[in-house]
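As you go down the protein sequences, you meet chains B and S in turn.
In case it helps, this note's numbering puts the first sequence at residues 1 to 113.
In case it helps, this note's numbering puts the second sequence at residues 114 to 225.
Just so you know, the hints here were simulated from the structure itself, not pulled from any lab data.
Even for Gly, the Cβ is constructed at its ideal location relative to N, Cα and C.
Warning: the hint list may mix true and false statements.
[As the list claims (entries may be wrong)] Ranges of calculated distance between the beta carbons of each label pair, as one might list FRET restraints:
no.	chain 1	residue 1	chain 2	residue 2	range
1	B	ASN65	S	GLU130	45 to 55 Å
2	B	SER28	S	GLU213	17 to 27 Å
3	B	ASN22	S	LEU225	14 to 24 Å
4	S	GLU182	B	GLU15	46 to 56 Å
5	S	SER193	B	SER68	43 to 53 Å
6	S	PHE133	B	GLY54	36 to 46 Å
7	B	ASN65	S	ASP172	45 to 55 Å
8	S	GLU175	B	ARG76	39 to 49 Å
9	B	PRO113	S	LYS131	45 to 55 Å
10	B	ALA29	S	VAL165	24 to 34 Å
11	B	PRO113	S	ASP141	36 to 46 Å
12	S	GLU175	B	PRO113	41 to 51 Å
13	B	ASP39	S	LEU210	23 to 33 Å
14	S	SER193	B	LEU74	38 to 48 Å
So the chains spell out like this:
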Amino acid sequence: RKEVEQDPGPFNVPEGATVAFNCTYSNSASQSFFWYRQDCRKEPKLLMSVYSSGNEDGRFTAQLNRASQYISLLIRDSKLSDSATYLCVVNPSGPYNNNDMRFGAGTRLTVKP
Amino acid sequence: DVKVTQSSRYLVKRTGEKVFLECVQDMDHENMFWYRQDPGLGLRLIYFSYDVKMKEKGDIPEGYSVSREKKERFSLILESASTNQTSMYLCASSYPLAGEQFFGPGTRLTVL
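Start from the sequences, fold in the hints, and give me the full structure.
Right, here's the structure in full:
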């Protein structure tokens with residue numbers, strides 16, 4: 001079983017749609033969680049951190065469910081510019097050690113006009 | 114604005130060649146990382162460094178070595194390239210306790 005699992009997609013949605021991705025992780029002791037965004041042929045960039053209480057940034061909402069060991073990313077009112085691959089990242093070693101980040105393989109989103 | 118640069122965007126080498134991939138960051142970050150990214154596998158850590166001349170193995174160090182002689186520069190070395198090292202190589206840097214890593218644009222290496 002992979003440490004971090006994501007549905008690879010692709011998710012094809014129309015502009016304005018709401019779309020949600022889930023990511024499951026295997027290490028129940030994991031401490032820190034993130035979503036990164038990677039555009040085609042570009043480097044990953046941090047989209048948002050995921051806190052225990054959830055995190056909202058504009059149209060993006062991230063949630064953590066420790067009991068079921070998954071994190072989610074919700075995108076409301078999708079824009080064409082949201083088309084990208086979304087990487088789920090889990091740090092099993094806690095906030096004082098960022099040398100052990102575990103990356104999912106990514107979920108690809110395409111937003112169509 | 115944080116900048117991580119990598120020496121080449123595309124590289125083609127032959128089996129058995131020695132390959133150097135260079136990475137430079139301008140944010141005075143202590144930590145630097147080398148990952149490879151393959152379809153369906155996500156990013157996998159090859160090596161990281163938390164200080165000059167310090168290095169630690171990641172999950173897949175076999176066939177690779179690294180060098181960090183200056184804080185801003187972290188090099189990945191393939192001593193004898195093999196076809197299974199064909200991949201996208203991403204360098205990253207960060208502060209020690211930070212969750213965010215800053216990535217370079219990547220080097221797509223093809224070993225023939």
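Worksheet item: Is the hinted range of 45 to 55 Å satisfied by the C-beta distance from ASN65/B to GLU130/S?
Response: Once the Cβ atoms are compared, 48 Å apart, the range 45 to 55 Å for GLU130/S and ASN65/B holds.
Worksheet entry | 23 to 33 Å as the expected CB spacing between LEU210/S and ASP39/B, which holds or is violated | At roughly 28 Å between Cβ atoms, LEU210/S and ASP39/B fall inside 23 to 33 Å, so the hint holds.
Fill in: Range agreement (Cβ of LYS131/S with Cβ of PRO113/B, hint 45 to 55 Å)
For PRO113/B and LYS131/S the Cβ distance comes to about 48 Å; the hint holds.
Practice prompt. Using the beta carbons of SER193/S and LEU74/B, state whether their distance is inside 38 to 48 Å or not.
Written response: holds (47 Å)
Discussion item. A range of 46 to 56 Å was offered for this pair. Does it hold for the Cβ distance of GLU182/S and GLU15/B?
Written reply: About 50 Å separates the Cβ atoms of GLU182/S and GLU15/B, which means 46 to 56 Å holds.
Worksheet item: Lying within 43 to 53 Å: is that true of the beta-carbon distance SER193/S to SER68/B?
Response: holds (45 Å)
Worksheet entry | Consistency of beta-carbon spacing, GLY54/B to PHE133/S, with hint 36 to 46 Å | holds (44 Å)
Fill in: GLU213/S and SER28/B - C-beta distance against the hinted 17 to 27 Å
Because 24 Å falls inside the window, the suggested range holds.
Item to complete: Please test the hint of 39 to 49 Å on the beta carbon pair from GLU175/S and ARG76/B.
Response: holds (44 Å)
Discussion item. Quick check: does the Cβ-Cβ distance between ASN65/B and ASP172/S fall within 45 to 55 Å?
Written reply: violated (26 Å)
Worksheet item: Regarding PRO113/B and ASP141/S, is the given constraint of 36 to 46 Å on their beta-carbon distance met?
Response: Holds, since PRO113/B and ASP141/S (Cβ atoms, about 43 Å apart) stay within the stated range.
Discussion item. Taking the Cβ atom of GLU175/S and the Cβ atom of PRO113/B, is their distance within the range 41 to 51 Å?
Written reply: Taking Cβ atoms as reference, GLU175/S and PRO113/B lie about 46 Å apart, which means the hint holds.
Taken one by one, the earlier hints fail for this structure at numbers 3 and 7, listed in ascending order.
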